[in-house]
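Chain residues, written in single-letter form:
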Amino acid sequence: MTIAQEAIREATSHPLDDLLRTERIPHIWCPGCGIGTAFSSCLIAMKESGIDLEKTVMVSGIGCSGRGAGYVKLDSYHTTHGRAIPFATGMKLANTDLNVVVFSGDGDLFAIGGNHFIHAARRNVDITVVCVNNFNYGMTGGQAAATTPHLAKTTTTPLGNPESPFNLPLLAYAAGASYVARWTTLHARDLTTAIQEALANPGFSFVEVLAPCPINYGRRNKEKPLDTLRLFQDKSIIKNNAHPTELDVDWEKGVVLGTFVNNPRPCSTDMYDKTCRLEEKPEKKTAA
Amino acid sequence: MALWRVPLDAEQIDVTLGIVHIIKERCKGCGYCIEFCPKEVLEFSKEFNQKGYHPPRVKKPDDCVNCHYCEIICPEFAIYSIEAEQEQANP
Amino acid sequence: MRPAVLTGEHYMTGDVACAEGALAAGCLFFGGYPITPATEVAERMAHRLPEIGGTYIQMEDEIAAMASIIGASCAGAKSMTSTSGPGFSLMMENLGLAVITETPCVVVNVQRAGPSTGLPTQGAQGDMMQARWGSHGDYEIIAMSPASAQEIFYLTIEAFNLAEKYRTPVLIMTDEVIGHMSERVIIPKAREIKTVERVKAKGRKDRFRPYAAGDLGVPPMANAGDGYKIHVTGLTHDEMGYPAMTVEAQYAMMDRLVGKIRNNVKDIIRYEEFMTEDADFIIISYGVSARTGWAAVEEARARGMKVGMLRLITVWPFAEDKIRELAARVKGMVTVEINLGQVHLEVERCVAGRVPVRLVGHPGGTLISPDTVIQTIKQEFGV
Ligand SMILES: Cc1ncc(C[n+]2csc(CCOP(=O)(O)OP(=O)(O)O)c2C)c(N)n1
Ligand code: SF4
Ligand code: SF4
Ligand code: SF4
Ligand SMILES: [Mg+2]
Numbered sequence: 001m002t003i004a005q006e007a008i009r010e011a012t013s014h015p016l017d018d019l020l021r022t023e024r025i026p027h028i029w030c031p032g033c034g035i036g037t038a039f040s041s042c043l044i045a046m047k048e049s050g051i052d053l054e055k056t057v058m059v060s061g062i063g064c065s066g067r068g069a070g071y072v073k074l075d076s077y078h079t080t081h082g083r084a085i086p087f088a089t090g091m092k093l094a095n096t097d098l099n100v101v102v103f104s105g106d107g108d109l110f111a112i113g114g115n116h117f118i119h120a121a122r123r124n125v126d127i128t129v130v131c132v133n134n135f136n137y138g139m140t141g142g143q144a145a146a147t148t149p150h151l152a153k154t155t156t157t158p159l160g161n162p163e164s165p166f167n168l169p170l171l172a173y174a175a176g177a178s179y180v181a182r183w184t185t186l187h188a189r190d191l192t193t194a195i196q197e198a199l200a201n202p203g204f205s206f207v208e209v210l211a212p213c214p215i216n217y218g219r220r221n222k223e224k225p226l227d228t229l230r231l232f233q234d235k236s237i238i239k240n241n242a243h244p245t246e247l248d249v250d251w252e253k254g255v256v257l258g259t260f261v262n263n264p265r266p267c268s269t270d271m272y273d274k275t276c277r278l279e280e281k282p283e284k285k286t287a288a
Numbered sequence: 001m002a003l004w005r006v007p008l009d010a011e012q013i014d015v016t017l018g019i020v021h022i023i024k025e026r027c028k029g030c031g032y033c034i035e036f037c038p039k040e041v042l043e044f045s046k047e048f049n050q051k052g053y054h055p056p057r058v059k060k061p062d063d064c065v066n067c068h069y070c071e072i073i074c075p076e077f078a079i080y081s082i083e084a085e086q087e088q089a090n091p
Numbered sequence: 001m002r003p004a005v006l007t008g009e010h011y012m013t014g015d016v017a018c019a020e021g022a023l024a025a026g027c028l029f030f031g032g033y034p035i036t037p038a039t040e041v042a043e044r045m046a047h048r049l050p051e052i053g054g055t056y057i058q059m060e061d062e063i064a065a066m067a068s069i070i071g072a073s074c075a076g077a078k079s080m081t082s083t084s085g086p087g088f089s090l091m092m093e094n095l096g097l098a099v100i101t102e103t104p105c106v107v108v109n110v111q112r113a114g115p116s117t118g119l120p121t122q123g124a125q126g127d128m129m130q131a132r133w134g135s136h137g138d139y140e141i142i143a144m145s146p147a148s149a150q151e152i153f154y155l156t157i158e159a160f161n162l163a164e165k166y167r168t169p170v171l172i173m174t175d176e177v178i179g180h181m182s183e184r185v186i187i188p189k190a191r192e193i194k195t196v197e198r199v200k201a202k203g204r205k206d207r208f209r210p211y212a213a214g215d216l217g218v219p220p221m222a223n224a225g226d227g228y229k230i231h232v233t234g235l236t237h238d239e240m241g242y243p244a245m246t247v248e249a250q251y252a253m254m255d256r257l258v259g260k261i262r263n264n265v266k267d268i269i270r271y272e273e274f275m276t277e278d279a280d281f282i283i284i285s286y287g288v289s290a291r292t293g294w295a296a297v298e299e300a301r302a303r304g305m306k307v308g309m310l311r312l313i314t315v316w317p318f319a320e321d322k323i324r325e326l327a328a329r330v331k332g333m334v335t336v337e338i339n340l341g342q343v344h345l346e347v348e349r350c351v352a353g354r355v356p357v358r359l360v361g362h363p364g365g366t367l368i369s370p371d372t373v374i375q376t377i378k379q380e381f382g383v
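Protein chains in written order, with the working numbering: chain A, 1 to 288; chain B, 1 to 91; chain C, 1 to 383.
Only chain A is shown next, with the shape it has when bound in the complex (with noise of 0.2 Å):
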């Protein structure tokens, strides 16, 4: 290898800088925190996906999750814990010009944000929810989710989980998501590939990434980073299609990933037009 070529590897850019706000770089997740990886998914999801970057809005709730909105050089809001979805639901509905992502945790989605998550898939707002999973509380320092599986250790369930965890596809699924995928970090080229397809999905669409928490709930469990990685690849089974009943987190039995639901139905501003606007009116007003 010649010197030239050794200073070029010492790069001082990157790729994604043009999405990065690179004067926040570095950012606070933890290393190896799987966070990073599910961003970095998404902002290659958004550059490849060929949506008008100028248009798309990244929304976050509160968590180390929700600190995606902070990182991202696009119109982003980080807006308060578990309402990141009803935030980007009148996001979208003022503006349907714009392309609305939610990126945030599993406690901010699923425990304070569950009913808001439930309702945007039933009504199918034309968003696309990024969900990190790491099972658990992570920026409140590792205590019980409604994703920790039963048995696992948190600062609150120091004796183990006694409760069951969600099965988040089977539940937006069942809420009435068009689209719903589940990858891990490690899957990242599969994340980035079904966040594509959940920009492209005129609905409300959702897609799950199990992700490493090394600090909280790693350390609690025995798991070091790569440990977490190794269990994601040893232990999942991808299928896309599988029906969503057989989607629950259990490391024991596998954990099944891929895209279990593809159905393409009209969102919730189709049906309000089609509903509520009778034909002689205006059109509707994008705000100015």
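Certain hints may be false.
Some chain C residues judged to face chain A by a derived CB distance under 8 Å, without partners named [claimed, not checked]:
1) S68
2) A75
3) A77
4) S79
5) G234
6) P243
7) A244
8) G341
It should be emphasised that the hints constitute simulated quantities derived from the structure, not laboratory data. Please read these numbers as outputs of a predicted model, since none were measured by experiment. Virtual Cβ for every residue (Gly too), placed ideally from N, Cα, C.
Since the structure of chain A is already known, use the hints to place chains B and C with the ligands on it.
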């Protein structure tokens, strides 16, 4: 070599040669790129960056197939690959 | 198809007049959730918004309703929600988000008696302190209190105008009685209605600082999709809108946030004086209770008592200077409000012991009678 290295990406990718670029100061040393590169191109370097992590270094430059997997899994936007010829065309 | 401004003479309830005021102000988005006695505002908006190219959505709860109107406003639409006590409580966290992100929006609270489910169908004015301090942390808020269906029409327009001008949520603090009573409402011609639009971002997109003070301390606003690629957060932030977790950043942000209201109170505060020039005793009231106040002043004058009224139209920010000025020249004051003493505490604070101040209050469910007011003035002040 672990079994999983084979199915991950290798066969979908056109075999071209790549040159890996590392933004050492962004690296937090998680080792994902090193562990999951299908061609074992990378290894931890001995040096520390300013944050105190060991960034990866290129161990086998000629083996990189430009699959971009390191680029996509890196949580820190710290590594990427570029096709070798392209690199020569626009340095 | 009906236009946004329903010019003409109508009989409508306060709730309907409120909805019509919103449409006349240019509201294009309403996120609702039903609750007595505010439901009719949402129902009217559900009918009317699609007619004029706007959007109504019934959200899954009031938390979502509040979040949705902030999102809609960030996307550029003038937006509103309406509720009553229980829903108002649920909106509080996101009301704070609207304050800190400086997102214009209007929240209508048609008050009923509380606490909790209380008297769902009967009026009160018991949420006035919640309106002032209901969300956590320090902040300033604008809250207006209409005394008739006609006034709620105009004040809703004013509320949108102030929200846009100061980039802040504005509250309409009405009550069940005003909300449900039908009165004559005259809606002027569209061109006679003054509407205000937010000052939009302009200039180089790469140099735009989304939270740098503009005129009146209010930053020009970029909507989502305008190409400015702004970041908006509920965290303490700097002029770029980026999280800044320092005491200095908190100080600078709060100084401007609170200052843009405090430094412009002359423009924001509205009140009305009724026979105060020669008054010995002043009634301080607002909203539906001001109707009690008017009747009490007239009755008292008929009996030869020199009573006048200061009617607060904007309850928050509080008309402190006016009250201090009155306190310097009268013999006593009474606060008339349907609660057990909320705005009254502010009156006492401003009067600061210069003259005696008494509350004529009630825990809700009924109006206060003018007689009670007169009796109180007589007994307490010995006239
Ligand atoms: C209303 C409210 N309740 C609680 C919190 C504290 N809180 C902040 S983040 C968080 C959990 C976030 O968990 P998750 O969404 O899974 O994100 P992660 O940090 O794991 O990425 C909680 C409970 C809050 N900010 N707001
Ligand atoms: S606490 Fe967990 S989720 Fe949060 S940044 Fe650290 S590793 Fe990631
Ligand atoms: S692009 Fe990265 S992951 Fe792929 S072969 Fe080259 S070094 Fe390995
Ligand atoms: S994946 Fe990124 S952060 Fe991790 S070791 Fe490689 S370059 Fe460093
Ligand atoms: Mg989490």
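Hint-by-hint comparison with the structure:
| no. | hint | result |
| --- | --- | --- |
| 1 | S68 | holds, 3 Å |
| 2 | A75 | holds, 4 Å |
| 3 | A77 | holds, 4 Å |
| 4 | S79 | holds, 7 Å |
| 5 | G234 | holds, 6 Å |
| 6 | P243 | holds, 6 Å |
| 7 | A244 | violated, 11 Å |
| 8 | G341 | violated, 32 Å |
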